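Q: Here the protein sequences come in this chain order: A and B.
Be aware that the first sequence starts at 1, since it is given in the numbering used here, and climbs by one per residue.
Be aware that the second sequence starts at 1001, since it is given in the numbering used here, and climbs by one per residue.
A portion of the hints provided could be inaccurate.
As the list claims (entries may be wrong) - Listed next, the in silico EDC-like pairs over lysine to aspartate or glutamate satisfying Cα-Cα at most 20 Å (straight line):
no., chain 1, residue 1, chain 2, residue 2
1, A, Lys-373, B, Glu-1057
2, A, Lys-373, B, Asp-1058
3, A, Lys-388, B, Glu-1015
4, A, Lys-196, A, Glu-213
5, B, Lys-1008, A, Glu-379
6, A, Lys-388, B, Glu-1057
Said to hold, decoys possible - If you want the footprint, here are the derived chain B segments under chain A, 3+ residues with CB under 8 Å:
no., stretch
7, 1011-1021
8, 1028-1035
9, 1084-1096
Just so you know, these hints were derived from the structure itself, not from any lab.
Computed from a predicted model, the values in this text were never measured in an experiment.
Using N, Cα and C, we set each Cβ at its ideal position, and we do this for glycine too.
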Amino acid sequence: MFWNREMETIRPDELADLQLKRLKWSLAQAQKVGLYQRKLKEAGVSPDDIKTLDDVEKLPFTYKKELQAGYPFGLFAVPLKKIVRIHTTSGTTGKPTVVGYTRQDLENWSELIARNMTMIGLGEDDVFQNAVNYGLFTGGLGFHYGAEKIGMTVIPSATGNTRRQIEMIEDFGVTAIHCTPSYALHLAEVAESMGKTLDSLRIGIFGAEPWSESMRSELERRLGVKAYDSYGLSEMYGPGVAFECPERDGLHIWHDCYLVEIIDPETGERLAPGERGELVITPLVKEALPLIRYRTGDVTRLMDEECACGRGQKIARITGRSDDMLVIRGINVFPSQIEHVLRALPEVGEQFIVYIDRVKHLDEMTIEVEMSKAGFSGELRDLARMQKKISDALHNTLGLRTAVTLVEPGSLPRFEGKAKRVIDRRGAI
Amino acid sequence: MEDSYIVKQISIFSENRPGRLAAVAGALRDAGINIFAFSIAEANGFGVVRALVDRPEDAYRTLTDLGFRVSFTDVIGVKMRDEPGGLSDIASILGDAGINIEYAYAYSGKDAAVLILRVDQVEDAVRQILARGGELLKASLFR
């Protein structure tokens, strides 16, 4: 089934014309932003030099840290009165990346979600439980409006209270659910312990963290769903950038809205189709936050074989990151952010180590902190207060609950070379 | 006047794992410092070792040099009769005066039992105990 058959199955020559036209429009939009004026000037390229789609290679890359440097609204190409919504995503250090949306941006975004959901056979007869974080995280509202657009019955259940989530699936006859794959596994386990079989569920949409084919079979077996992979990032609106069709062999990237390249993350050189590298996206229809050759950090490859479903370009499922970004409970976290928070606290001594574990399918972050000289008053309750202060500061910045363990000075390992302060002990899922 | 009865307890941050108390006690032994009394308070993976020693300043320096986090805490030492009712006498004085005990530990000395108290109003506590005939350890016992 198609939501927008014309765009989804557009002929290659027509697509190329459309992409070029939209690329030129996007560059004009980007020229309204100081950062891109400077970057293009430095690269010695003008928007007029872009005459074919391959000319995109002449353009400079845009990096996440540049978006952050423009905090809060420095990268917007439209005045604030034209911005109707803001989401944020984690930055590499203290400040978040701010994403603005015009009314047209929201329309474009929900159109893409509508395509994704229609593609896997969802429609107005379905009851959809959206069990991801609502609020600043794009997964909540992004799917919400796309699902409403195609007429599904939407339950904005958000996260938490797993037993209640299970009751709702049963009582409301939920047919499709969207959540992180690790939460889905937790949900399956709790449902089993409650003796619930969740018979109405038929489709699971899982995203926001990388997951394996063996995880897919496990989720399908235990939840009784067909499981689909969803890819997106806040900088490109949010989820909906690429999505699996019923063939489930790669994710269709919405070719009329995103121009994709795969590059070698070290050299920046473009790789041939089929080669694995970093995904670089130039969005073609974004009004509020245009981007030029944005470095996603996600590692994948372009698949050039044709898909039986009749749609266009596919990317393989994401296999990892080209940088040190971690995904914890579906939230993007950079080790540098954690350092930034901890270094700002006088109670924290010179060393700390962050451990990430998976406990009952859910990610847990534990931080061991050496206490500074200033930190110790001699009173036990002050130590407890300090633990809470550190944990609250991290929660404020990362949006994640963290267990803090205070340790004696000198007890943590010292590093001679590059310090490794974040230790991910989770296996692949 | 009250000051002469306010005693410096040393408080040492310690992880709750085997060998930590031995490390503290060993360091004090090597420095020839005598421990009159000590207690351990524990919370969630770590604790505070509290000790009354004969040379608090030296103990502070010795342990800090070894990398321990140490601080001084004002406490008082009250002599108790080492017989039924001893603790009750002291606790009643403080209770009647509305002084709260944050924590306490005790040791039995040569001539009397001693109760070490961390209270919320230390000078008030000294006055009340002396006024009701109680006997306190003098700060001058500790150099």
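Q: Could you run down the list of hints and mark each one as holding or not?
A: Here is how each hint holds up against the structure:
no., hint, verdict
1, Lys-373(A) / Glu-1057(B), "holds, 17 Å"
2, Lys-373(A) / Asp-1058(B), "holds, 18 Å"
3, Lys-388(A) / Glu-1015(B), "holds, 17 Å"
4, Lys-196(A) / Glu-213(A), "violated, 25 Å"
5, Lys-1008(B) / Glu-379(A), "holds, 14 Å"
6, Lys-388(A) / Glu-1057(B), "violated, 31 Å"
7, 1011-1021, "holds (count 5)"
8, 1028-1035, "violated (count 0)"
9, 1084-1096, "violated (count 0)"
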